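Peer 1: Could you build the full structure based on these sequences and the hints that come with them?
Spelled out from the first residue to the last, the chains are:
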Amino acid sequence: MAEVLAFEHVSIAYDSRAGRQNILNDVSFVIGEGEALGLVGESGCGKSTVALAAMHYLPRGMSLTEGRIRVEGRDLARLSADELSRIRGNRIAMVYQDPMSSLNPVMPIGRQLMEVPLLHGETDERAAFRRAVAMLEEVRLPAAEAMMERYPHQLSGGQQQRVVIAMALMAEPALLIMDEPTTGLDVTIEAAILALVRDLRAKFGTAILFISHNLGTVARVCERIGVLYAGRLVETGSIATVFRSPVHPYTRGLLGALPRLSGGHRRGRLRPIDGTIQAADRARLGCAFAPRCSFAARRDCEERPVVMVAIDAAAQHLVRCARIDAVVAGSAVDGPPASATATNDQAPIVLSVRNLSKEYRLTSLFGGDRKGAVRAVTGVDLDARAGETLAIVGESGCGKSTLARIISGLLTATSGEVTLDGVDLAGISVDDRPPDTRRRIQMVFQNPDSTLNPSHSIAYALTRPLRLLRDLASGEAKAEVLRLLAQVRLPSEMADRMPHQLSGGQRQRVAIARALAGNPGVVVADEPVSALDVSVQAAILNLLGELLEQSQLGLVLISHDLALVRHMADWVAVMYLGRVVEYGPADQVFSPPYHPYTQALLLAAPTPDPDAPPVVVLEGSMPSPTDTILGCPFASRCPERIAGLCDTTPPPIRRFGEHRISCHLEIDAERAQPPAEAGGRTGMRSSSA
Amino acid sequence: MTEISHDLAASRLASASLVGAEAADAGPLGKVYSVVTRSPLATVGATILLTWCLLALLAPWVAPYPPNQIDVALVADPHPSAQHWLGVDHLGRDILSRLIWGARTVLTVAPIAVLGAVMLGIFLGLLSGYRGGMIDVVIMRVGDTLLAFPKIILYLIIIAKFGASAFNIIAVITLSSAPIIARIVRGVTLDIKNRDYVAAARMRGESAFFIMFVEILPNARGPLIVDFFLRLGYTTIAIGVLGFLGVGLPPPDPDWGGMVKEAYGMIFVWPHMTIIPSLAISSLVIGANFLATGLREAALDG
Amino acid sequence: MLRYSAKQLLNMALTLFAVSFLVFALNELSPGDVARKVLGPYASQSQVDYLTVQMGLDRPVLVRYAEYMGKALAGDFGDSVVFRQPVSALMFDRLGNTLLLAAISFAVIVPLSIVLGVLAGMRERGWFDRAVSVFSSMCASIPEFAMGVFLLGIFVVWLGWLPGTSPLRSDTGWSLWMQFVLPVLVVTFYDAGYLIAMVRSSMVEVMRQPYIRTALLKGMSFHGVVRRHALRNALITPFTVILLQLNYLVSGLVVVETLFAYPGFGRLMLEAALTKDIAVIEAGTLIAVSVTMLTQLFGDLGYMALDPRIRV
Amino acid sequence: APAMAQGMPKKGGIVRIGMRVQDISNPHTYSWIESANSGRQVLDYLTVTGIDNVTRPSLVQKWEATPDLKTWTLHLRRDVTWRKGRKFTADDAIWNLKRVLDDKTGSSVVGLFKGFILTEFDDGQKDAKGNPRKSVRLWDANAVQKVDDFTVKLNGQSANLSIPESLFHYPLLILSPEDGGKFGVGSDGTGAFELVEHEVGKRSVFTARKDGYWGGGPYIDRFEIIDLGDDAAAQVSALVSKQVDMIYQGAISTLPTIEKLTHIQVNSVDTGYTAVARTHPIKPFDDKRVRQALRYATDNEAVLKGALRGLGKPGEHHHVAPVHPEYADIGYLKRDVAKAKALLAEAGYPNGVDVTIDARPQPDWELLAVQIMVEQWKEAGIRTKINVMPSAQYWENWTKVPFGFTTWAHRPLGTMILGLAYRTGAAWNEANWSNAEFDKLLTEAEGYLDVEKRRAVMAKLERIMLDEGPVVVPVWRAVFNFSDKKIKGYKIHPSIYIDAKDVWIDA
Ligand SMILES: Nc1ncnc2c1ncn2[C@@H]1O[C@H](COP(=O)(O)OP(=O)(O)OP(=O)(O)O)[C@@H](O)[C@H]1O
Ligand SMILES: Nc1ncnc2c1ncn2[C@@H]1O[C@H](COP(=O)(O)OP(=O)(O)OP(=O)(O)O)[C@@H](O)[C@H]1O
Ligand SMILES: [Mg+2]
Ligand SMILES: [Mg+2]
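Residue numbers (the working numbering), protein chains in the order written: chain A, 1 to 689; chain B, 690 to 991; chain C, 992 to 1303; chain D, 1304 to 1810.
It is worth saying that the hints were derived from the structure and are not from the lab.
Computed from a prediction, not measured in an experiment: that's the story for all the values here.
Do not rely on the hints blindly, as some may be mistaken.
As the list claims (entries may be wrong) - Below, in silico cross-link-like pairs of lysine to any residue (SDA-like), each with a Cα-Cα straight-line distance of 20 angstroms or less:
#, chain 1, residue 1, chain 2, residue 2
1, D, 1563, C, 1149
2, D, 1401, D, 1424
3, D, 1545, C, 1149
4, D, 1681, B, 755
5, B, 850, D, 1694
6, D, 1505, C, 1084
7, B, 850, C, 1011
8, D, 1545, C, 1171
9, C, 998, B, 823
10, B, 850, C, 1013
11, D, 1688, B, 755
12, D, 1505, C, 1171
13, D, 1545, C, 1168
14, D, 1563, C, 1141
Stated by the list, open to error - Covered by chain C, according to a simulated footprint, are these stretches of chain A (three or more residues, beta-carbon under 8 angstroms):
#, stretch
15, 87 to 94
16, 103 to 111
17, 115 to 121
Just so you know, even glycine gets a beta-carbon here, dropped at the ideal spot from N, CA and C.
Peer 2: As structure tokens, this is what we get:
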């Protein structure tokens, strides 16, 4: 197998006025023809730097300080600018995370595609055009010729990503580098893109360097994986080996921190990795992970460089750990312990939502004439119970946030009821709610960057609600701030910090503390962990779990991540196009019978499992929320659509106790295919050593 | 005066960057200090501005002569000499002293005018952006009408009507700049009001004014500070231009633009009388520009 | 697009209306002024009163405003009391001269600033970028009057290469184009300094965009990327600003026109303001405001044409 | 005659002067010297006051007055023809006189003849404030009397000394009645040139009269006026680059430059032109000691040197200049700060006074003079703020501001000035000054045709002004302008009247 890309002891440093900083440290790997290597690691560990180095395109200030990078045997550092131009886009091509910003907004995509062959030897415009169209068809874009005329902003996110992939494949490169190509895409679209990459790979035999922070997606595309930590590769090997028997404590930690579809309920805690990564870790002489590692020994791990050693030469399983023996001998890697979901349908209902609808009126830019309305939420019925978690899942744009904002009063409903303590709040904006009601519903937001006001200290963020919602005097408030910080496991000195001095996870903890400050009855959390790394996410989820148990809080948790929902939820509502298509106790929703949409979601969810079955790709995308829907909202994409019925008649609600499914299909347990993990397939536990 | 377009650009640049992108380590001053020292451009700019501020502050002690002291005997040979380092003007007044005292005028009128504009602009922009609806429409409409006047024309008609005085200059600059600042602030407000921390503030029942001034405003300070210094520069030019056109600050107290105006008929023989105050104006503008550019770059670099 | 233009034009008309009333009210609330102006400082009060009545200036402001607007819509802006001429004749002649100066300056400034701005922004913080940035900031920091005075000293007094004034007459011993050199130069230094910075910063921002990286990593040469991918994007933002220069050039040339005795619109407005030539002030303001709003409209339309993302 | 002094005039050539080109269509209502300077090339006056302040015949060949100075007989020249061929007669002169004296014409000539042949009456209408309005009319139907085709009589109701001088008041241009009071390109005239082109704000072009001019000259073929705006430096720039041969009026700020230019000469003449710092009789200037203090605090020599670079004469704080025929030298008041302080203290201001003086920015020397005086006054404890208003605004308020600095144009006779500005109730008595003795003496002076008699009275008048007058007269300024040395025959007139017929070019 010919070598396509080789990193040989590559170190890359960033020079700034503050001094030199190691970004990559002694990274070595080889990708052969037709091979796919997945590179995983948490944010900032240097994944993108690896990708850019492979293109010989480093950000200003970064330079290769050691080692060599070869593409098809040629040392990139020795190529002239001309030679580089010839290789780039021709022998190596790259796909980036954000397709929108990777495409020139003012040039039709056809032109941008045609540039690739035209830059690399093709002289005939017609021929270039034909090749571009062919490639668009190859990535399964409909009406490829018409697509050529479009501007990037006229395509959906999934379509844009396909265009970017098509552009990379145009020259049939030997090496395709994909840097987080599916982050930011919906699960169903992501699944489709990943399937596409797999197919194309099989067809063109291209070597692939696939970068992701998500172990699940890597498992879908690659056969080998490399785990990067603080600029160092800590473990590589085949997917099967690494997932089944990870060796490096960091790899083990990552896998352990991940909630699984197959895993248990939150009452079995996730296992976050202790501590956080520090900037200084990159500069360590020894193991960068040592400060967080329970196996670390001073002499072995910190005082001398740790090298990669082969554990299983045949499987090319390499690990950078000085204490392999101790680690392997020590505790086994464990997923969260399974525990039954004990949904308590007797728990008192604190908040109920009845027949709730919300329309956004669209006005043209200059006011006046209406351009229709977005039906963001239509006829939703839900209950949140004390001490229980109600999870809401669904694809982007299905109305989850809108629902959350109506409950919290940041938006007012068009019709329907939101009842808290017997009072209907649906039409009352939070600004007009009585203080006590306001106190009872609090919210945790998604984005750790915008959840705290960057201009004010942590103490401010926690004091204000105490003063306003609980009327505490400033002295009392001070003490209470410390108590809240302790409750979310933050040291008291954090109080005086500014938000930018905190990590994302810490900020999210402050946000949780802030929501708790007023002793709320209901906390609405809109994607509270989706922007966080796995390990941090695990810690936050554990914290939420604990808080739930301590108090009789009703948690409304919004997420697009089914595994997370599986882990956290007592009750689940699956939303599609503003409607709840399936609702019920978590156990029942995650086991057959399913709504076809729920089923598709379960199948699309990427799982870090080498044996996961191929996904069923949903065709098309959600209809526009401005369209008028006569029948079932899912009809246009449903693989089991009954023509003439589903698209004309609203579906009936089928009830199985507390479990409701809104579907025309006669649903029975037999017909429903079990999803990947929930079906009780061999999971990691059973196969780990 | 390209101010209209300067303003437009400033607002574009400002809104393109730095919204909430920063916060203080050691209080706002420490932050400014650290940003300023990080960028060489900003350091140069700040040094120039500080020097002038110091000179202005210490004018009574550092200026070698009273600024209006006339000595007609010197008019025959006004060139720089040991007694008068920068020479004297056509009335025999010491140019160095006039420059130093003139710095006081410039450094009060320009910043007050800009501050006035900033304050009015902030208030209207916050109100417009946060409240939206009719208030927004009315404020923006009135602002647009004011902006439709080319600035110099607005200055001219108002000053022709009410006469030239420091107060009128301040008023007219405030009036013509406030709508643009209001636009910047409104843009930032529209962005920030949808941030989660504003939602959080609403959920704990903060009043609208508190949200506008405590939650939103501090996060707009990045663009506003950059804008302040850019505007300070162009206001200095504007005051100079008004002085030059003969509708500036009234004599005898020194005003740099007026100094140029008074002496430029003599540029052919006594160029120092014109060039020195011109350089003073330019240096102040350059200082403000450098500081603004440096701050912006530093903020963009994070 | 058409709808948008129509809407904007309507907006313009409303704004013009507001502006005209504001200026009218500001200037004509005290009716004695006009007659006093006509008769000069030494006329007796009885003469002034007589003329005031004769000119109908003793009627209420609103009535006079309505009459004024009626006439103005028919192109009659009244008479200049200083020049004793119909304002329209006076104004359009001056406006023509200013437009000529503006057009020439524009033709110099725009290509210059685009070329320098793009070359500088292309390689952010390279030596050329540094040099251009400093140069442009310096230029934009030197007030026009200071620049004008320096250039006058050099080219007129010291070298004697150029005429000191530009009365736009070829029979004064200097060819017409020589008379344009200094005014254009002064405007160019000041305005280009600012525009260069504008284009540069837009270019810098574009060069940081991921699609530039995409193009480079497609195998395109750096210059190819600049030409094909960066240029158009980089000019979108400055486009409006560039167009707004026209507006500045029409009404903002007061200093240059005064400096070089150029018979233009700006100088006319200054003189009108100093001599309280109300009819001229009113008409001139309306013209200046129209120019501002028209350039803004064209700017918006052009912006839409350049950037396919914006559709109305 | 002045032409002869510089050798034989040469014929031909063009002279271009930098001057504002204003509207010139109504000569009788001109309020600017510049417009009169355009009209003057085509039209003539009845008399001419020379640069020496002596008034000489023009269209009027000879005049005589009755001893009571009430009746003036004007004998017109008989050899004057209009350019379009008609003979100039008494009817022409009378038509013009009657027209300027008609209140409805709005000419400033009215002021000069008020009391003499014009009388005020209540016209039955109300002015803006509701007070009965005053108009003027000829006091008698026979006030302007045609004696024969070449003789006109002015029959006054009171004495008037300055009729010949008044006839040269700049709006009193003699138009052809056929033009109906209007003037423009192609208008008829008795003067030396014909107006062939006129664009307001740009330029005027005059060509020499082809049928010959009755009064000598013109020598040049063509005379052009080019508008260079108000900016003094721009005018100098034009002169430097030889875009014009001459500029109408020099600004003090450009003088140093001009002095360095070898091809340019400075033309200058001492005048009765001045600007006065004048007070209203309200606190603190209601006390004559304060006004005196103001005068004692002023160093006129320094003002002259600083504001006018020495061009002119130091003022003497009364409004009669050495160039006036009846000027009496009563000595020069030396600056005495101690005295000024003492006077202030006596008046009850031991700590000085704080006042504001209103001034205007043009012409530039005025603001310089104000600044210098303010500095001087400061030493005496008169702390003065300067309030600069645009000229237009100043002229709206010039009689109303309590303390202002006002330009007074040159007038040929001292009595003319005093009558205009200091007589009780005079329209231009901007100081609101009233002194019965002064009025009496002034009337007496106006009754003497004999200069020496007048001078004797004048000494008393000057003394009163020096003691208690409302004004500080810091300088008698020289007026000056600049011309290319190739221009000959040009002598600057105290009122900067330009007569192109006298100049010629010697390159
Ligand atoms: N242009 C740059 N200048 C300086 N430092 C940089 C630059 N780009 C990245 N870094 C630093 O290099 C390190 C590695 O960055 P890189 O982008 O490779 O990480 P990553 O693993 O791709 O992270 P993510 O998952 O967030 O994309 C980070 O600590 C980052 O702060
Ligand atoms: N202010 C608004 N005006 C008009 N339409 C809106 C507005 N906010 C949201 N929408 C539309 O309403 C629908 C539901 O939006 P919502 O934000 O609730 O979705 P979501 O499920 O939270 O999506 P995501 O997972 O992307 O956060 C979407 O089609 C969205 O485009
Ligand atoms: Mg990355
Ligand atoms: Mg959402």
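Peer 1: Examine the stretch 103 to 111 of chain A for residues whose CB is less than 8 angstroms from any CB of chain C, and state whether their number is three or more.
Peer 2: Held - the stretch 103 to 111 of chain A has 5 residues with a Cβ nearer than 8 angstroms to chain C, which meets the minimum of three.
Peer 1: Straight-line Cα separation of residue 850 (chain B) and residue 1013 (chain C) no greater than 20 angstroms?
Peer 2: holds, 13 angstroms
Peer 1: Holds or violated: residue 1688 (chain D) and residue 755 (chain B), Cα atoms, limit 20 angstroms.
Peer 2: Judged against 20 angstroms, a Cα distance of about 16 angstroms means the pair holds.
Peer 1: With a cut-off of 20 angstroms on the C-alpha distance, tell me whether residue 1563 (chain D) and residue 1141 (chain C) pass.
Peer 2: holds, 18 angstroms
Peer 1: Taking a Cβ-to-Cβ distance below 8 angstroms as contact, does the stretch 87 to 94 of chain A have at least three residues touching chain C?
Peer 2: It holds: at least three residues are needed, and the stretch 87 to 94 of chain A offers 6 whose Cβ sits within less than 8 angstroms of chain C.
Peer 1: Taken at face value, is the distance from the CA of residue 1694 (chain D) to the CA of residue 850 (chain B) at most 20 angstroms?
Peer 2: The hint holds at about 12 angstroms.
Peer 1: With the threshold set at 20 angstroms, check whether the alpha-carbon distance from residue 1401 (chain D) to residue 1424 (chain D) stays at or below it.
Peer 2: holds, 17 angstroms
Peer 1: Sort out whether residue 755 (chain B) lies within 20 angstroms of residue 1681 (chain D), counting only the CA atoms.
Peer 2: holds, 13 angstroms
Peer 1: Is residue 1505 (chain D) within 20 angstroms of residue 1171 (chain C), Cα to Cα?
Peer 2: The given pair, whose Cα atoms are some 17 angstroms apart, holds under the 20 angstroms limit.
Peer 1: With the threshold set at 20 angstroms, check whether the alpha-carbon distance from residue 850 (chain B) to residue 1011 (chain C) stays at or below it.
Peer 2: Holds: residue 850 (chain B) and residue 1011 (chain C) sit about 16 angstroms apart, inside 20 angstroms.
Peer 1: Take the C-alpha atoms of residue 1545 (chain D) and residue 1168 (chain C), compute the straight-line distance between them, and say whether it is at most 20 angstroms.
Peer 2: holds, 16 angstroms
Peer 1: Verify the proposed pairing of residue 1563 (chain D) with residue 1149 (chain C), using a straight-line Cα cut of 20 angstroms.
Peer 2: holds, 12 angstroms
Violated hints: none; the structure is consistent with every hint.
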